[in-house]
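S.K.: Each chain, written out:
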Amino acid sequence: MSTILSTSGPKFAQVLIAVFGFLAIMSVIFWIAGRANGRKVKPIANVVFLGPAVVLLMLGLIVPAFQTIIFSFKGEDSIKWVGLSNYDWIFTDPDMRKVLFNTFLWMLFVPIFTTLLGLTLAIFMDRMKRESVPKSLIFMPMAISFVGASIIWRFVYNYSNGFKPQVGLLSAVVKTVGGHPQNWLLEKPLNTFLLMVIFIWVQTGFAMVILSAAIKAVPADIVEASALDGASGFRLFRFITFPSVRSTFIVVLATQVVGALKIFDVVRTMTGGNFGTNVIANEMYSQIFVQFNQGKGAALAIVLFLLVVPVLIFNMRNLRLERSER
Amino acid sequence: MSKPAVHNPGRKLFSSKIAAIVVWTITILWTIPTFGLFVSSFRSKEDIYATGWWTVFLHPHFTLANYHAVIFGSSTQLSIGDGVLPYVVNSIVITIPSVIIPIIVATMAAYSLAWVKFKGSDFVFFFIFALQIIPLQMSLIPLLQLFTGGAHIGHFTLIPKLGIAGHFAGIWLPHTMFALPLAIYLLHNFIASLPRDIMEAAYVDGANHFKVFRQIVLPLSVPAIAAFAIFQFLWVWNDLLVALTFASGTEEIAPINSKLASLVGQYGSGWQLLTAGAFISIAIPLAVFFSLQRFFVRGLLSGSVK
Numbered sequence: 001m002s003t004i005l006s007t008s009g010p011k012f013a014q015v016l017i018a019v020f021g022f023l024a025i026m027s028v029i030f031w032i033a034g035r036a037n038g039r040k041v042k043p044i045a046n047v048v049f050l051g052p053a054v055v056l057l058m059l060g061l062i063v064p065a066f067q068t069i070i071f072s073f074k075g076e077d078s079i080k081w082v083g084l085s086n087y088d089w090i091f092t093d094p095d096m097r098k099v100l101f102n103t104f105l106w107m108l109f110v111p112i113f114t115t116l117l118g119l120t121l122a123i124f125m126d127r128m129k130r131e132s133v134p135k136s137l138i139f140m141p142m143a144i145s146f147v148g149a150s151i152i153w154r155f156v157y158n159y160s161n162g163f164k165p166q167v168g169l170l171s172a173v174v175k176t177v178g179g180h181p182q183n184w185l186l187e188k189p190l191n192t193f194l195l196m197v198i199f200i201w202v203q204t205g206f207a208m209v210i211l212s213a214a215i216k217a218v219p220a221d222i223v224e225a226s227a228l229d230g231a232s233g234f235r236l237f238r239f240i241t242f243p244s245v246r247s248t249f250i251v252v253l254a255t256q257v258v259g260a261l262k263i264f265d266v267v268r269t270m271t272g273g274n275f276g277t278n279v280i281a282n283e284m285y286s287q288i289f290v291q292f293n294q295g296k297g298a299a300l301a302i303v304l305f306l307l308v309v310p311v312l313i314f315n316m317r318n319l320r321l322e323r324s325e326r
Numbered sequence: 327m328s329k330p331a332v333h334n335p336g337r338k339l340f341s342s343k344i345a346a347i348v349v350w351t352i353t354i355l356w357t358i359p360t361f362g363l364f365v366s367s368f369r370s371k372e373d374i375y376a377t378g379w380w381t382v383f384l385h386p387h388f389t390l391a392n393y394h395a396v397i398f399g400s401s402t403q404l405s406i407g408d409g410v411l412p413y414v415v416n417s418i419v420i421t422i423p424s425v426i427i428p429i430i431v432a433t434m435a436a437y438s439l440a441w442v443k444f445k446g447s448d449f450v451f452f453f454i455f456a457l458q459i460i461p462l463q464m465s466l467i468p469l470l471q472l473f474t475g476g477a478h479i480g481h482f483t484l485i486p487k488l489g490i491a492g493h494f495a496g497i498w499l500p501h502t503m504f505a506l507p508l509a510i511y512l513l514h515n516f517i518a519s520l521p522r523d524i525m526e527a528a529y530v531d532g533a534n535h536f537k538v539f540r541q542i543v544l545p546l547s548v549p550a551i552a553a554f555a556i557f558q559f560l561w562v563w564n565d566l567l568v569a570l571t572f573a574s575g576t577e578e579i580a581p582i583n584s585k586l587a588s589l590v591g592q593y594g595s596g597w598q599l600l601t602a603g604a605f606i607s608i609a610i611p612l613a614v615f616f617s618l619q620r621f622f623v624r625g626l627l628s629g630s631v632k
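Sequence lines, in order, name chains F and H.
Start counting the first sequence at 1; every next residue gets the next number (the working numbering).
Start counting the second sequence at 327; every next residue gets the next number (the working numbering).
Take the hints with a grain of salt, since some may be wrong.
[Said to hold, decoys possible] Partial list, computed: chain F residues near chain H (C-beta under 8 Å):
1) 74
2) 128
3) 137
4) 140
5) 148
6) 150
7) 181
8) 183
9) 201
10) 301
11) 306
12) 308
[What the hints assert, rightly or not] With a straight-line Cα cutoff of 27 Å, these simulated DSS-like cross-link-like pairs (lysine-lysine) come out:
13) F:175 with H:371
14) H:487 with F:80
15) F:11 with H:487
16) H:443 with F:129
17) F:175 with F:164
18) H:537 with F:42
19) F:216 with H:371
20) F:175 with F:188
21) F:129 with F:164
22) F:42 with H:343
23) H:443 with F:40
24) F:42 with H:443
Note that these hints are calculated values from the structure, not bench results.
No residue lacks a Cβ here, since even glycine has one placed at the ideal position from N, Cα and C.
Please put together the full structure from these sequences, using the hints given.
M.R.: Next up, the structure:
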């Protein structure tokens with residue numbers, strides 16, 4: 001216990017220095033800049049207020065993005081030009097094709113499951129008197145990191161070989177219903193879908209909460225009027241409720257597509273990308289930090305970027321449209 | 327119209343009984359995995375390997391040994407000789423500046439773009455908004471190079487070697503950078519909608535931009551700042567990629583999340599400790615979740631593009 005105290009002290013001192021040092025520097029700059037008058041007031045204010053953000057964005061995002069594009073045409077040490085060979089490797093190497101295919105599976109199944117399940121829950125909860133407890137519990141995994149979620153689910157997927165009792169829930173259930181438990185995380189292609197379950201488990205609550213808010217925002221008089229006109233059950237959902245929440249539905253769907261494309265933590269923690277479960281973001285990490293091949297890593301980052309961009313632009317336009325409608 | 331008209335007939339899409347059954351079934355399914363790990367964290371090593379956690383209800387037998395071992399260390403089963411507390415401390419040390427600094431930088435930028443307009447300020451705002459499409463994976467290699475080697479054009483050193491790789495500053499800085507596009511976008515939306523009268527009254531009274539920023543903009547922006555702060559807190563606390571990239575190989579600054587991720591691979595020998603460790607790591611975000619649920623949802627909603 002004494003060691004933790006002695007090592008933590010200096011660490012927290014660093015926090016204080018960082019935060020208060022930053023505040024102190026900004027106060028001094030504010031004080032000096034505040035003394036300016038005349039025509040220079042506005043430009044000085046702009047530089048002081050906007051300067052830090054612009055510098056950080058240049059160094060952290062804009063310049064690196066261009067550098068990564070350049071690196072993707074270079075070799076493993078970012079010195080020698082190699083043309084398109086990194087991209088050639090991504091699209092022709094058999095292992096890489098598998099990686100692309102897995103990412104495609106994630107992109108296809110995860111968004112559909114989370115969004116449809118979220119929508120179903122949101123509709124059903126709208127019928128319930130006391131929805132707050134189930135809502136909180138289903139939403140709760142959103143607060144848990146993917147690493148924490150992976151540990152939780154690794155326990156569910158646990159498999160004991162030989163005649164030892166099955167202590168993993170999945171194995172025990174399969175055994176109870178008469179099946180044969182397997183070492184789940186090694187079973188291709190089932191293991192990829194078992195990893196997706198973790199992501200779906202985390203994200204469904206998010207889809208549910210957002211869609212639930214959208215459903216509650218449907219004006220009650222529209223719903224009542226169409227109910228008086230004889231619409232009920234599925235017809236009411238099909239012609240009134242769903243059209244009203246469609247834009248939200250699409251935004252949530254697109255958000256999930258981006259999340260699934262970028263999936264890293266779950267794969268890294270559960271299998272490390274082994275046993276046929278590898279995806280782009282994990283392979284990128286492996287290339288940079290295990291293979292020390294920056295060229296291939298950069299090319300993978302570019303591929304990820306190109307996949308994500310159309311969805312995000314589409315989503316941002318939708319978000320803006322939705323906000324302007326309200 | 328066979329059904330009798332209730333006060334809100336449209337809400338009766340499905341029978342509420344069936345709806346309740348479906349919802350509660352899914353709720354239970356959703357809660358069981360977490361609950362199972364929670365129960366297991368209070369069971370002894372022998373029990374965990376001998377029987378499923380659900381048998382505990384027939385033969386209750388609990389122990390705090392896992393938590394004791396994980397908190398106070400002295401375990402030889404996993405490579406966490408000193409316990410997990412140093413890593414929890416690292417997580418806190420990483421998170422606090424990574425939340426506060428981007429908020430201040432972003433609020434300043436948002437105020438400037440919304441209220442101190444210049445030619446092209448709308449374009450700058452749109453450009454920053456559009457930066458959200460760059461996945462942070464695009465920045466990892468160049469940033470690492472910058473931290474370890476500096477930036478040079480030929481023999482001319484543009485930025486000297488920062489020497490912050492392997493230090494906390496080397497994690498605070500990337501988190502700050504990656505947070506800015508979303509933070510500026512959200513705070514700009516809020517700050518731009520502050521009432522013009524208040525601002526102008528302050529300017530007329532002779533307050534300069536810096537005074538207005540500190541005494542009017544910052545206090546009035548607290549709701550937007552709180553929503554973003556919770557989003558950013560969760561993002562940093564639960565992050566794995568940035569931590570692995572910028573703290574890789576430096577145990578002294580590794581957060582609990584990346585430590586747990588590295589322990590999962592060797593769990594065969596010390597499962598029971600991992601259960602307790604995982605619960606310690608998720609306790610803090612869960613506490614935030616249950617106490618600030620409303621802000622939490624708002625923060626997540628606003629961050630849905632990230």
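S.K.: Does each hint hold? Answer for all of them.
M.R.: Hint-by-hint comparison with the structure:
| no. | hint | verdict |
| --- | --- | --- |
| 1 | 74 | violated, 11 Å |
| 2 | 128 | holds, 5 Å |
| 3 | 137 | holds, 5 Å |
| 4 | 140 | holds, 7 Å |
| 5 | 148 | holds, 4 Å |
| 6 | 150 | holds, 7 Å |
| 7 | 181 | violated, 12 Å |
| 8 | 183 | violated, 13 Å |
| 9 | 201 | holds, 7 Å |
| 10 | 301 | holds, 4 Å |
| 11 | 306 | violated, 10 Å |
| 12 | 308 | holds, 6 Å |
| 13 | F:175 with H:371 | holds, 23 Å |
| 14 | H:487 with F:80 | holds, 23 Å |
| 15 | F:11 with H:487 | holds, 23 Å |
| 16 | H:443 with F:129 | violated, 50 Å |
| 17 | F:175 with F:164 | holds, 12 Å |
| 18 | H:537 with F:42 | holds, 14 Å |
| 19 | F:216 with H:371 | violated, 48 Å |
| 20 | F:175 with F:188 | holds, 20 Å |
| 21 | F:129 with F:164 | violated, 45 Å |
| 22 | F:42 with H:343 | violated, 63 Å |
| 23 | H:443 with F:40 | holds, 14 Å |
| 24 | F:42 with H:443 | holds, 8 Å |
Hint violations for this structure: numbers 1, 7, 8, 11, 16, 19, 21, 22, all remaining hints satisfied.
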